[in-house]
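**Q** I would like the entire structure built from these sequences, with the hints used as guidance.
First residue of the sequence shown? That's 1 in full-length UniProt numbering, and the numbers climb one at a time after it.
Don't read these hints as lab results, they were simulated from the structure. From the three backbone atoms N, C-alpha and C, an ideal C-beta is built for every residue, glycine too. Be aware that a few hints might be false.
What the hints assert, rightly or not - What follows is a set of in silico ranges between Cβ atoms, one per label pair, in the way DEER data are often shown:
| hint | residue 1 | residue 2 | range |
| --- | --- | --- | --- |
| 1 | Y60 | M134 | 47 to 55 angstroms |
| 2 | R62 | L146 | 33 to 41 angstroms |
| 3 | K97 | D35 | 16 to 24 angstroms |
| 4 | K108 | S81 | 15 to 23 angstroms |
| 5 | S46 | R135 | 50 to 58 angstroms |
| 6 | M115 | T53 | 49 to 57 angstroms |
| 7 | T124 | M208 | 21 to 29 angstroms |
| 8 | D138 | P165 | 14 to 22 angstroms |
| 9 | H166 | D18 | 33 to 41 angstroms |
| 10 | K117 | S81 | 25 to 33 angstroms |
| 11 | K179 | D18 | 40 to 48 angstroms |
| 12 | D35 | L146 | 26 to 34 angstroms |
| 13 | R16 | Y60 | 29 to 37 angstroms |
As the list claims (entries may be wrong) - Below, simulated PhoX-like cross-link-like pairs (lysine-lysine); rule was C-alpha separation at most 25 angstroms, straight line:
| hint | residue 1 | residue 2 |
| --- | --- | --- |
| 14 | K122 | K172 |
| 15 | K42 | K21 |
| 16 | K259 | K248 |
| 17 | K108 | K24 |
| 18 | K75 | K64 |
| 19 | K117 | K127 |
| 20 | K97 | K108 |
| 21 | K97 | K21 |
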Amino acid sequence: MQSDTFDEKCHVPMLRGDNYKDWKELILLQLGCMDFDYAIRKDEPSVPTDNSTPGAIGLYERWKRSNRLSMMYIKTRISASIRGSILDCANVRDLLKAIDDQFESSDKALASTLMTKLLSMKLTSVKGVREHIMRIRDLAAQLKALEQIDFSDAYLVHFILHSLPHQYNAFKISYNTHKDKWSINELLTMCVQEEGRLLLEKSESAHMATRGKKRGRTNLKKDKDKPPVQIEKVSKCFFCKKKGHMKKDCPKLKIHLDKKGLLKPKDTDKE
1 MQSDTFDEKC HVPMLRGDNY KDWKELILLQ LGCMDFDYAI RKDEPSVPTD
51 NSTPGAIGLY ERWKRSNRLS MMYIKTRISA SIRGSILDCA NVRDLLKAID
101 DQFESSDKAL ASTLMTKLLS MKLTSVKGVR EHIMRIRDLA AQLKALEQID
151 FSDAYLVHFI LHSLPHQYNA FKISYNTHKD KWSINELLTM CVQEEGRLLL
201 EKSESAHMAT RGKKRGRTNL KKDKDKPPVQ IEKVSKCFFC KKKGHMKKDC
251 PKLKIHLDKK GLLKPKDTDK E
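**A** Written out as structure tokens, the structure reads:
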């Protein structure tokens with residue numbers, strides 16, 4: 001495979017302060033595919049003399065060429081702001097070691113950052129439980145690669161369960177009462193199944209609520225279309241308390257006034 005063709009498929013980013021681990025992996029992969037890593041894999045052979053065999057001379061020339069080209073390529077993938085702080089080296093192994101030493105102190109800071117991210121991870125909704133667990137596993141793997149912290153599967157299982165929202169409470173209780181312990185992969189499978197059940201339950205509840213609202217609106221519309229109920233007003237006498245006539249037309253009132261001598265020929269009582 002030609003080097004320019006592979007370089008398009010495996011682009012090595014510029015070395016910065018926060019991408020050293022990924023950068024080194026890509027550098028070694030690129031040099032190996034370009035067949036420039038011989039000087040990294042093999043010790044420097046003895047400098048040929050007049051008595052050296054053609055085979056020994058060929059091995060030295062191969063190592064020398066690999067060392068020169070790999071160092072040139074590595075330096076082109078280091079940003080100028082960092083390149084000046086790395087010691088000058090005569091061979092590629094020493095150069096890689098100098099870069100390791102330059103970024104070794106940053107591993108502790110990186111581990112602290114990763115630990116902070118891990119401890120703050122919480123799933124805020126029912127959806128996305130697979131991605132949530134995968135991110136936790138990735139952070140744990142990065143911490144292990146830094147040789148800072150090695151989490152056991154049992155700890156990660158409990159940590160993941162603790163990071164799930166309250167909708168998963170029944171699921172957590174089920175695990176705590178279960179006799180067998182789950183691996184990370186088993187927990188991932190069970191959480192995805194529980195996510196599907198919760199989403200289905202949520203969808204059914206929303207559907208029932210929507211149907212109830214529509215039904216109420218339909219009945220309201222029907223009631224609105226109905227003609228208003230006509231209320232018949234019935235007159236009531238405030239003197240005899242009987243219905244069907246007003247006080248001024250009450251016969252008992254007229255008798256009462258006549259006995260008192262208060263009734264006039266054109267007397268009309270007001271309500």
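**Q** Does each hint fit the structure? Answer for all of them.
**A** Hints and how they fare:
no. : hint                            : verdict
1   : Y60 x M134: 47 to 55 angstroms  : 48 angstroms, holds
2   : R62 x L146: 33 to 41 angstroms  : 35 angstroms, holds
3   : K97 x D35: 16 to 24 angstroms   : 22 angstroms, holds
4   : K108 x S81: 15 to 23 angstroms  : 21 angstroms, holds
5   : S46 x R135: 50 to 58 angstroms  : 51 angstroms, holds
6   : M115 x T53: 49 to 57 angstroms  : 56 angstroms, holds
7   : T124 x M208: 21 to 29 angstroms : 25 angstroms, holds
8   : D138 x P165: 14 to 22 angstroms : 21 angstroms, holds
9   : H166 x D18: 33 to 41 angstroms  : 35 angstroms, holds
10  : K117 x S81: 25 to 33 angstroms  : 26 angstroms, holds
11  : K179 x D18: 40 to 48 angstroms  : 45 angstroms, holds
12  : D35 x L146: 26 to 34 angstroms  : 31 angstroms, holds
13  : R16 x Y60: 29 to 37 angstroms   : 36 angstroms, holds
14  : K122 x K172                     : 15 angstroms, holds
15  : K42 x K21                       : 22 angstroms, holds
16  : K259 x K248                     : 16 angstroms, holds
17  : K108 x K24                      : 18 angstroms, holds
18  : K75 x K64                       : 17 angstroms, holds
19  : K117 x K127                     : 20 angstroms, holds
20  : K97 x K108                      : 18 angstroms, holds
21  : K97 x K21                       : 13 angstroms, holds
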